[in-house]
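Student: Chain residues, written in single-letter form:
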Amino acid sequence: MDATGPNADLLFPSDAHSLSLAREIYGNLASLPILSAHTHVEAAVLERNEPFAGPADLLVTPDHYLLRVLHASGVDLSSLGRRERGGEREDRAHAGGRTGEPAESGGREIWRVLCRNWPVFRGTNSRLWLELELAGLFGVTDPLTEATADSTYDRIASALAEDDYRPRALYERFGIEVLATTDGALDALTSHGTLAADPHFEGRVIPTFRPDNVLDATRDDFASNVADLGRHHDLDTDGWQGYCEAIRMERERFIAHGAVASDHGPGLPDTIDLSEHEAERLFADVLGGSATEADRTKLTAHLLFKMAELSCDDGLVMQLHAGVLRDHDGAAHARFGSDIGADFPVGVSFTRGLRPLLERFGSDPRFTLVVYSVDETAFARELAPMASYYPALRLGAPWWYLDAPDAITRALSQMAEVAGFSRAAGFVDDARSFCSIPARHEVARRVTAAFLARLVAEHRLSLQEATDTGVDLSYLLPKSTFGL
Amino acid sequence: MDATGPNADLLFPSDAHSLSLAREIYGNLASLPILSAHTHVEAAVLERNEPFAGPADLLVTPDHYLLRVLHASGVDLSSLGRRERGGEREDRAHAGGRTGEPAESGGREIWRVLCRNWPVFRGTNSRLWLELELAGLFGVTDPLTEATADSTYDRIASALAEDDYRPRALYERFGIEVLATTDGALDALTSHGTLAADPHFEGRVIPTFRPDNVLDATRDDFASNVADLGRHHDLDTDGWQGYCEAIRMERERFIAHGAVASDHGPGLPDTIDLSEHEAERLFADVLGGSATEADRTKLTAHLLFKMAELSCDDGLVMQLHAGVLRDHDGAAHARFGSDIGADFPVGVSFTRGLRPLLERFGSDPRFTLVVYSVDETAFARELAPMASYYPALRLGAPWWYLDAPDAITRALSQMAEVAGFSRAAGFVDDARSFCSIPARHEVARRVTAAFLARLVAEHRLSLQEATDTGVDLSYLLPKSTFGL
Amino acid sequence: MDATGPNADLLFPSDAHSLSLAREIYGNLASLPILSAHTHVEAAVLERNEPFAGPADLLVTPDHYLLRVLHASGVDLSSLGRRERGGEREDRAHAGGRTGEPAESGGREIWRVLCRNWPVFRGTNSRLWLELELAGLFGVTDPLTEATADSTYDRIASALAEDDYRPRALYERFGIEVLATTDGALDALTSHGTLAADPHFEGRVIPTFRPDNVLDATRDDFASNVADLGRHHDLDTDGWQGYCEAIRMERERFIAHGAVASDHGPGLPDTIDLSEHEAERLFADVLGGSATEADRTKLTAHLLFKMAELSCDDGLVMQLHAGVLRDHDGAAHARFGSDIGADFPVGVSFTRGLRPLLERFGSDPRFTLVVYSVDETAFARELAPMASYYPALRLGAPWWYLDAPDAITRALSQMAEVAGFSRAAGFVDDARSFCSIPARHEVARRVTAAFLARLVAEHRLSLQEATDTGVDLSYLLPKSTFGL
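Chains as they are written, first to last, in our numbering: chain A, 38 to 521; chain B, 38 to 521; chain C, 38 to 521.
Any given hint could turn out to be false.
[As the list claims (entries may be wrong)] Taking beta-carbon pairs under 7 angstroms as the criterion, some of the chain B residues facing chain A (in silico): (1) Leu48; (2) Gly160; (3) Ala196; (4) Leu197; (5) Gly378.
Bear in mind the hints are in silico, worked out from the structure with no lab data behind them.
Yeah, the Cβ is synthetic: ideal placement off N, Cα and C, and Gly gets one too.
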């Protein structure tokens, strides 16, 4: 970032011909509406529409990308506003607020820690996003340093006190068309209901059904979550039939609140089609406590398969991301819970794991499956080949660790050459911090424009085709994939 | 593609210096003869030399690259000319014609389906190839759309009725020096014999020995294929000795028809050296039906090892491609057979799998092994390191899913930095459609020129060295590797 | 290389703007001192300070990068100066001299073999390095060919006879600040002691503790090495306590000789925390010969864990490189021993394997772990994510097969976007040949400058930030990581 803020040609190539192509393509993408089809911001924020608590609360503490790198730089998570938790497990998807709220007084200190450590973010997507946010939203173009920590903090804090910076005003300013939050099974969804009923709010904030808590039979709290589910729907979920019916009803409840998609984060992408009889037996063993680890894994794989079957009936788009070993740092997990940046990828086989599901539902016109990977080697080797054959399979955007300029570029290249662009689900931001949404879309659109400019320069696409493809990836594909 | 056809600088870099280097290097590659050392076109096509049935039959139906992406776009394979099969298994390698012939009347409709869906191929190698074919061979430079479907169909169809477009005329026009087809064990090879004996045909069309049907002991039809093999050579293949002798004789039969290479496509690249006694016992168990799955896998690994041994004796270059889960979509396989685009890569370990074979034969001057991978991570991690040590091992070209500009570029980079260029086997087209052969070579040569231009621009190679290397990769290396 | 030697813009991009940025950044890196924090040259060479025996002995025979590719080109290792060994195992880390010394008379013939085969090195890092060495050190800018073999040999040989080309003079000319050799447990370290005590030598040559011989319980010679270790420290290493104490004392001995780091090369990166009781039992079983292969693997994983514990106490930086199947070619290993170029990567899981160690020690401020990978897919998928969270974990430079321009570029991109630059350990040369040290650093600095120039051109870094980052990666990060 120059002293005057991000350059107008940020992320564009430097040779003159490619640069002019990138500018022209990006010109057609820059002001497209934002479809935020997969995020982790809370609906309650928009429901309450209260001023954000402060710079650290808004920009630092909820963002595990920042926490992670600060932790690596020797900063203890407790000094970043992460509340240490008591004995009880804080459910990843179910938690109303993912992070402890830092005390007002602590916010300035957290911001100073960030500024002091800002050089360690050189080269990362976090730096790109935050500098775009600071310049675009708050007019902060000074580099973050120890010396500028207080002045930048004050500038952001005073802006946040203005009505223009309340969540709903920002929602509108960002040009968000739809915002799909991520919500655990059993989540009350009251904020979504309130927002939908609010005549003063013209946005569209919908939940996404994230049922790992009641589907992942390898979890310790599976049985108790299943019991909760039964109570909620007044069904006997001790038995397989009642459990299946409760899951079905829970999906319906989300759909009634506007949900268009489910989201699944199992450790492995394995799926299996079991007979009703065997599923029933395994389920009983798991609830009864006699199941082996292999039994639990098998039941989980079958429940994933089952979700595809239900999707064919109720139309929820199924999102799947697997291949992450979560809560890698046991001691830190015990202190601070999940989402502290200690979830790390492992290699998995999508080709083998998804086979039963894709054989059965992969060509069903009622079904859409979006698969995300944090292992980029899976794009060219497994996901793009399969998505270039199965109509139901869509390539999820490179996200999380891969949501950065070079990684997006590599992913676009690998996906396009094998499967063409039309098999992509388009960009999703997976944002942790509300204000990062437009920055994340801007970076992706700039990188997409630069990538497509190269294909034009190499005479592989016409400029018109490239522009159309950019619009597809940025807007039309998420719209059609998720039925928004 | 512009309205006037592919640009003369297709796939070249855009900065002026690199562009002029790429042009100069490519100028030395463009008109080299074509060594088509590994294809899937049928010798019978050249033997009969009849006009091609029509645009769809020539360009669409035999090409599983196109079928795959059209299927993903919601087109049923039956409307693309794939004949649904009856109960009997259609053998992948043995089939005389891989695809059902579309009825004449259906060809125009298939072409319309392709044109209507043409935008989904943006970014793929299929699009590059087909547009080069259409412009170069048929003068079709109009973009394919629903509106141009009939006119382009008619133009191609009328060209195909001319004698200039018969297979042998095209063979000559394409500048093909040698064409090596792929033929299953037990294939009659009559077309190869007829062509070789035909004084009016000056080309060289040779078979490649693809014996998966009689070597892959995990197949259901292994025992019956082995029995056929015995009948064919008048040997008792119920016993290990007779089986080995029949395999040896079958190789000799191919060699007598001009074969210079074998081609093996096991699921895994695993090899093992068993004692004669253990091999004999496993073989008996497999034929007798008492073998476990592990036994069958073990025998298959030993037979692969055995092929290297035989190669040392009879000189056939051994080609190996592993790491593909074939016929992934069971239901579609039951309806349409193999080669519909539903074969997907899986990660495998070449380093571990090939070790027994390479320890024994990897430094044998009589032996050449060409290994292809559809997992590009294996190039830098396993294949290039091993090929940079074992004299017998050659790096197969990036093919299939990886036979596209960016993927070829990545592969060249990974192979060259670890092993140098001299360890490459050079480009093979692996063509499914006869007319795609020159287009596939053109794309590879252009990408090679662009890659080498960068090395010159970075002062890593002189222009002369780069030009020589381009000639090596395009022509001399396949010539020497396969002894053509 | 042009006839006048390597171009001043070697490895820089060709578009004018990027080129000027790369030049400017590199200008600040070119003359930084060299920290050679991880090499395989012998301290004895500097201790004795005798003239190098000749061009082949200096540049060819000790370099398994060259041997490997020459072997692949059909050259027998025995004609490259590798001495065939007798029956006894030549220990990888313990060997005083890694290679047999070629007879004087044989050196010229080895050089001729290299020159005759020089074209096979096009595109490799070996070629870049050697041409930089020849031009920079010996003024040899003629291309190596059969015709120039004798003249270049003579020129180098006559230079080597001059005092300016003795090891200590070159050490100074190269601008080496610290040289850390790699030395097996039980190595006498006499050369290090002599050098440290020598008032005439102003360099700093320190050992690195490479204890695979006494820590890898899967080795055949583990028990006898452990017995040697006991004898050396006058301890009873038949028992677990004595063994642990001897290891601790051996580390102290290295530290007393200046060591700042240990280096571990297990096959797998697996670690496990066992109870003292279980460790004791496994150790007894291994020494007693009753241990299974799984027991030996488990003990090895625990000993790796144990090393991290000891590092917290004594401060040695722990270096780890795993995922290599060593001595792949059994027959050649039997003839020539290790380090002949036949060690090949395999995929491993760092995320799973290192978890126990990182959970326990990954946030301990006393601990530093540098992990190297020869599988580049591990950078973005596993190592950069973990290093961006665990303060103790540093990203080892892309080395060995990956120590080449494009591979370094890919690694920088993957590491930086996930973890930022500050998590890197910085460049280490891992040199096999003394004279390749400056060339290896030059190539890395040039590639780093070119990579950073792109980030500046894309407005992701300011020129000042890029320059600072280049200095970090080239000098300051190795200095701080290894405490030099």
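Student: Grab the minimum C-beta distance from Ala196 (chain B) to chain A and call the hint holds if it beats 7 angstroms, violated otherwise.
Tutor: Given a least distance of 25 angstroms, the restraint on Ala196 (chain B) is violated.
Student: Per the CB criterion, is Gly378 (chain B) less than 7 angstroms away from chain A?
Tutor: holds (5 angstroms)
Student: Is the interface hint for Leu197 (chain B) satisfied, with its Cβ closer than 7 angstroms to some Cβ of chain A?
Tutor: Constraint on Leu197 (chain B) not satisfied, violated at 27 angstroms.
Student: Min Cβ distance, Leu48 (chain B) to chain A: is it shorter than 7 angstroms?
Tutor: holds (5 angstroms)
Student: Measuring from the C-beta of Gly160 (chain B) to each C-beta in chain A, is the shortest one below 7 angstroms?
Tutor: For Gly160 (chain B), the interface hint holds, since the closest Cβ of chain A sits about 3 angstroms away, which is under 7 angstroms.
Figure legend: structure checked against the earlier numbered hints; hints not met, in rising order: 3, 4.
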